[in-house]
Amino acid sequence: MLFEKSWTVDSYLGYLYTTAFSLKIFYGDNAPAFETDLREALLAVEPSGHFTEELKATILVAWKH
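In terms of my numbering, the sequence shown has 27 at position 30, counting the first letter as 1, and numbering is strictly consecutive.
In short, the hints are calculated from the structure, not lab data.
Treat the hints with care, as some may be off.
[Unchecked claim] If you anchor each label on the Cβ, the simulated ranges turn out as follows:
no. : residue 1 : residue 2 : range
1   : S8        : A30       : 47 to 57 Å
2   : S45       : G25       : 25 to 35 Å
3   : A41       : G11       : 12 to 22 Å
4   : K61       : A41       : 47 to 57 Å
5   : S19       : L40       : 16 to 26 Å
6   : W60       : E37       : 44 to 54 Å
7   : A59       : G25       : 43 to 53 Å
8   : A28       : E50       : 22 to 32 Å
9   : A28       : K61       : 47 to 57 Å
10  : S19       : T49       : 20 to 30 Å
Heads up, the beta-carbon is just placed ideally off N, CA and C, and yes, glycines get one too.
Produce the complete structure using the sequences and hints provided.
Here you go:
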């Protein structure tokens, strides 16, 4: 099964800050600079700031007899 996840620059930043590898507290006083750098890099790739990720989901169903 394929589905799409839509992202904006802000939603992606919000997502990153909720992950164990990129909590906002890890950046300390550098968080604003990180946000600026990431925002500029993403907008350089897609000026609209809207991104779509195609995700594949596999569902395994089993019954016990």
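Status of the hints after comparison with the structure:
A C-beta distance of roughly 20 Å is found between S8 and A30, which places it outside the suggested range of 47 to 57 Å. Against the hinted window of 25 to 35 Å, the Cβ-Cβ separation of S45 and G25 comes to about 31 Å, which satisfies the hint. Against the hinted window of 12 to 22 Å, the Cβ-Cβ separation of A41 and G11 comes to about 20 Å, which satisfies the hint. Our hint of 47 to 57 Å for K61 and A41 holds, since their Cβ atoms are close to 52 Å apart.
Distance hint check: the CB atoms of S19 and L40 are about 19 Å apart, consistent with the given range 16 to 26 Å. Checked against the given bound of 44 to 54 Å, the beta carbons of W60 and E37, roughly 52 Å apart, stay inside it. The supplied range of 43 to 53 Å is met by A59 and G25, whose beta-carbon atoms lie about 47 Å from each other. Taking the beta carbon of each, A28 and E50 are about 24 Å apart, inside 22 to 32 Å as hinted.
Range check, A28 to K61: about 49 Å between beta-carbon atoms, so the 47 to 57 Å window is met. Separated by about 21 Å at the C-beta atoms, S19 and T49 satisfy the suggested range of 20 to 30 Å.
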